[in-house]
Amino acid sequence: MKAITVNNLIKDYKEHRAVDGISFEVEEGELFAFLGENGAGKSTTINILSTILRKTSGEVTVFGHELEKDDDSIRALIGIVFQNSVLDSKLTVKENLYTRGAYYGLTKKQTDERLAEFREGFELDEIWNRRYENLSGGQRRRVDIARALIHDPKILFLDEPTTGLDPKSRKIVWDHIDYLRREKKMTIFLTTHYMEETADADNVVILDKGKVIAKGTPSQLKTKYASSRLVWYTEEDEENEKILSGMKHTYDSDHYNISFRDSITELLYNYRNKITDYEVIKGSMDDVFLNLTGREMEGV
Amino acid sequence: MRKFIGLTKRNLLIYFKDKGAIVFSLLTSLIVLVLYLLFLKGTYQDAFDSVLEEVQGIGMLIKSEDVEAFINVTLLIGMMGSAMITVPYSCLTTIVKDRESRIDYDISATPIKRWQIILSYFTSAAVSACIMTGFLLTAGLVILNLNGGILLEAVDILKAYGMVILGSVSATGFFMTMMPFFKTSQSSSAFFGMLSAASGFVIGAYIPISEFSETVQTVCNIFPATHVTVAVRNILMRGVMDSFDSSIGGLDGGVFAESIRSAFTFNARMFGNDLGMRQSILYIGAFTLVSIIIMIFAYSKTYRRK
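For the protein sequence lines, the chains are A and B, in the order given. Mapping of the first sequence onto the numbering used here: position 55 corresponds to residue 55, and the numbering continues sequentially without gaps. With the second sequence counted from 1, adding 300 to any position gets you the numbering used here.
One or more hints might be untrue.
Under the rule of at most 27 Å between Cα atoms (straight-line distance), these lysine-lysine pairs were calculated in the DSSO-like manner [to be verified]:
1. 69/A x 303/B
2. 413/B x 90/A
3. 363/B x 94/A
4. 69/A x 211/A
5. 397/B x 90/A
6. 309/B x 109/A
7. 303/B x 154/A
8. 224/A x 211/A
9. 69/A x 413/B
10. 171/A x 184/A
11. 94/A x 341/B
12. 109/A x 224/A
13. 211/A x 222/A
14. 303/B x 413/B
15. 90/A x 459/B
16. 90/A x 363/B
17. 341/B x 317/B
18. 341/B x 109/A
19. 94/A x 483/B
20. 483/B x 14/A
21. 90/A x 319/B
22. 341/B x 90/A
23. 248/A x 211/A
24. 309/B x 363/B
25. 363/B x 108/A
26. 303/B x 108/A
27. 341/B x 154/A
28. 184/A x 168/A
29. 242/A x 211/A
30. 317/B x 94/A
31. 303/B x 459/B
32. 413/B x 483/B
33. 397/B x 94/A
34. 184/A x 108/A
35. 171/A x 154/A
36. 108/A x 14/A
37. 309/B x 94/A
38. 242/A x 2/A
39. 309/B x 108/A
Calculated from the structure, these hints are not laboratory results.
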């Protein structure tokens, strides 16, 4: 089943068009990544999908429910981890989570039952009675995710969940996301401007200035938009140069760097007795973005 | 209903868990108390004495403990009146803070109905004001009782608590209409500073409103809090006034009581006319109703998705 379908979505702010006719689909249970720089329209799109902002035009459905016609049904199905913390700093973790549970009509007991599932994994017990303002960045993010999961949503929106976190906290957050994806089969909609975070996604949509400029699996995108590299460890000599003639290559101390777009299999097969010590390095998502927009990602 | 209660509880927790916010919201009441200890008691006493001088020959008849009670109740009313203004305002700034920190996004993405969100802000602020003002009233009555009796019947006390509820609801309704205009908590805090400074004067905590010109009196009485303060004064002073009357025994033909009522503002006054208690309550009710209508109109726009 399609978790989300978006068709020609447009969002205008007075003179400015933040989202410009984007279309995409998210399958149930997949990790879907929205990649783009700040201001590309990622958060605006998430805020529209999560019923917070009104769309200017276009059609959106969430698990078959039409946006702006059946919003309450959509709200019950979604959980959101916002870019900035939206829990109350003066309240404890317990108070924050119980009050948020009540927003979905859950009793304290029901909230406890719900939290029991990830209380240990999220290490909530040790911070249960601490004020949210006294938590570290990583601890706050864990509570944010717990809050988003409190009503057992079918889709989890994560709006740049690791921005501003140290590497250790980032890893913890990603461990939780992996758990939800693998164990709970939850649909995860991620926005990020960290290229490496899209590597494990099932599908990636790249946004630039409100428009979708590319979509596909990370592998498809890399194949299509990024050059891969063959590193061949050998001597630099005439015979080898002849093999590589017509291919973009350089020699660097003990190896050749050979750029290629599509496939290198034919070369490797034809010279299988000659090219024996080598490695193939696929293009990165950074290369994809660079080739698509002509510029590198900001703030990475 | 659980969703509405959950959000209301959250709003209440935010206020009551923040000790700094509680003290700040009661700042005007505390200033009234400090000023009372410093010099306001003397000012009230002087005003009382000048009435006694006007009605000659009865000074000996007035019991000093009644005068003490009268002045202490005046202080209590000043503190309560201020709290009824500053507490709901302080609680309602949560609306501005939620908007500023995008907590309203989190709330909007839940199945809570829009009207429940607005009503929960209103309810939590009104309840906070009732609790804090009710606490001041209770503490005041206990202290008065320990200092020689409160001279009030149970029905008067119930009426006073009723006015606390009415005053809290009307002030909350009034301030709800203002909150959409504040875009940042900095601007709402700046306004709170002005409100704190002005509220003590508007309700007559520092100087009885009757000391002001007719125009200023009318302006002060536009605000329902002033009417509430006058109504509470009538209720809480009834016992002391009766005691004055029985001490004088009708020798002055009621002149003393009338002079006190005039000097210490026992009637709200608008456009040169005295308003009775019933008229004041009607005014408060009408003002609250209009505030709520404006609130519904203003918030249906504010909370409509952009």
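Tested hints:
Proximity of residue 69/A to residue 303/B is assessed by CA-CA distance (about 21 Å); at most 27 Å being required, the pair is judged to hold. A distance of roughly 25 Å separates the Cα atoms of residue 413/B and residue 90/A; the hinted pair therefore holds under the 27 Å criterion. Proximity of residue 363/B to residue 94/A is assessed by CA-CA distance (about 56 Å); at most 27 Å being required, the pair is judged violated. As the CA atoms of residue 69/A and residue 211/A are separated by approximately 25 Å, the hinted pair is consistent with the 27 Å bound.
Taking the CA atoms of residue 397/B and residue 90/A, the gap is near 13 Å; set against the 27 Å cutoff, the hint holds. With a C-alpha separation of about 17 Å, the suggested pairing of residue 309/B with residue 109/A holds against the 27 Å cut-off. At most 27 Å may separate the alpha-carbon atoms for a hinted pair to count; residue 303/B and residue 154/A meet this at roughly 20 Å. For the hint pairing residue 224/A with residue 211/A, the CA-to-CA distance comes to about 19 Å; that is within 27 Å, so the pair holds.
Restraint check: the Cα-Cα separation between residue 69/A and residue 413/B comes to about 14 Å, which is no more than 27 Å; the hinted pair holds. A C-alpha spacing of about 19 Å is found between residue 171/A and residue 184/A, which places the hinted pair at or below 27 Å, so the restraint holds. At roughly 47 Å between alpha-carbon atoms, residue 94/A and residue 341/B are farther apart than 27 Å, so this suggested pair is violated. For the hint linking residue 109/A to residue 224/A, the alpha-carbon distance of about 51 Å lies beyond 27 Å, and the restraint is violated.
Our distance criterion of 27 Å between C-alpha atoms is met by residue 211/A and residue 222/A, whose separation comes to about 19 Å. The hinted pair formed by residue 303/B and residue 413/B meets the criterion: a straight-line CA distance of about 9 Å does not exceed 27 Å. Only pairs whose Cα atoms come within 27 Å are accepted, and residue 90/A paired with residue 459/B is rejected, the gap being roughly 36 Å. Restraint check for residue 90/A and residue 363/B: not satisfied, since their Cα atoms lie roughly 50 Å apart, outside the 27 Å limit.
Between residue 341/B and residue 317/B, the direct Cα distance comes to roughly 33 Å. Violation of the 27 Å bound is thereby established for this hinted pair. For the given pair, residue 341/B sits about 54 Å from residue 109/A by alpha-carbon distance, which is inconsistent with the 27 Å threshold. For the hint pairing residue 94/A with residue 483/B, the CA-to-CA distance comes to about 30 Å; that exceeds 27 Å, so the pair is violated. Between residue 483/B and residue 14/A the alpha-carbon distance is near 19 Å, which keeps this suggested pair within the 27 Å criterion.
Proposed proximity of residue 90/A and residue 319/B is supported: the alpha carbons are some 10 Å apart, at most 27 Å. With a C-alpha separation of about 38 Å, the suggested pairing of residue 341/B with residue 90/A is violated against the 27 Å cut-off. Annotation: proposed proximity of residue 248/A to residue 211/A is violated, straight-line Cα distance about 32 Å (limit 27 Å). This hinted pair does not check out: residue 309/B and residue 363/B have alpha carbons roughly 48 Å apart, beyond 27 Å.
Taking the CA atoms of residue 363/B and residue 108/A, the gap is about 57 Å. The hint is violated against a cut of 27 Å. As the CA atoms of residue 303/B and residue 108/A are separated by approximately 12 Å, the hinted pair is consistent with the 27 Å bound. With a C-alpha separation of about 65 Å, the suggested pair residue 341/B and residue 154/A falls outside the 27 Å cut-off, and the hint is violated. For a cut-off of 27 Å, the pair hint linking residue 184/A to residue 168/A stands: about 23 Å separates their Cα positions.
Restraint check for residue 242/A and residue 211/A: the C-alpha separation of about 44 Å exceeds 27 Å, so the hint is violated. About 13 Å separates the Cα atoms of residue 317/B and residue 94/A, which keeps this hinted pair within 27 Å; it holds. For the suggested pair residue 303/B and residue 459/B, the alpha carbons sit about 33 Å apart, so the restraint of at most 27 Å is broken. Restraint check: the Cα-Cα separation between residue 413/B and residue 483/B comes to about 23 Å, which is no more than 27 Å; the hinted pair holds.
Using a Cα cut-off of 27 Å, the hinted pair residue 397/B and residue 94/A holds, with the two alpha carbons roughly 21 Å apart. Distance hint between residue 184/A and residue 108/A is fulfilled; the C-alpha atoms sit about 23 Å from each other, no more than 27 Å. Straight-line distance between C-alpha atoms of residue 171/A and residue 154/A comes to about 23 Å, which keeps the hinted pair within the 27 Å bound. The suggested pairing of residue 108/A with residue 14/A is violated, with an alpha-carbon distance near 43 Å, which exceeds 27 Å.
For the hint pairing residue 309/B with residue 94/A, the CA-to-CA distance comes to about 13 Å; that is within 27 Å, so the pair holds. For the suggested pair residue 242/A and residue 2/A, the alpha carbons sit about 52 Å apart, so the restraint of at most 27 Å is broken. For the given pair, residue 309/B sits about 13 Å from residue 108/A by alpha-carbon distance, which is consistent with the 27 Å threshold.
Going through the hint list in order, the structure does not satisfy hints 3, 11, 12, 15, 16, 17, 18, 19, 22, 23, 24, 25, 27, 29, 31, 36 and 38.
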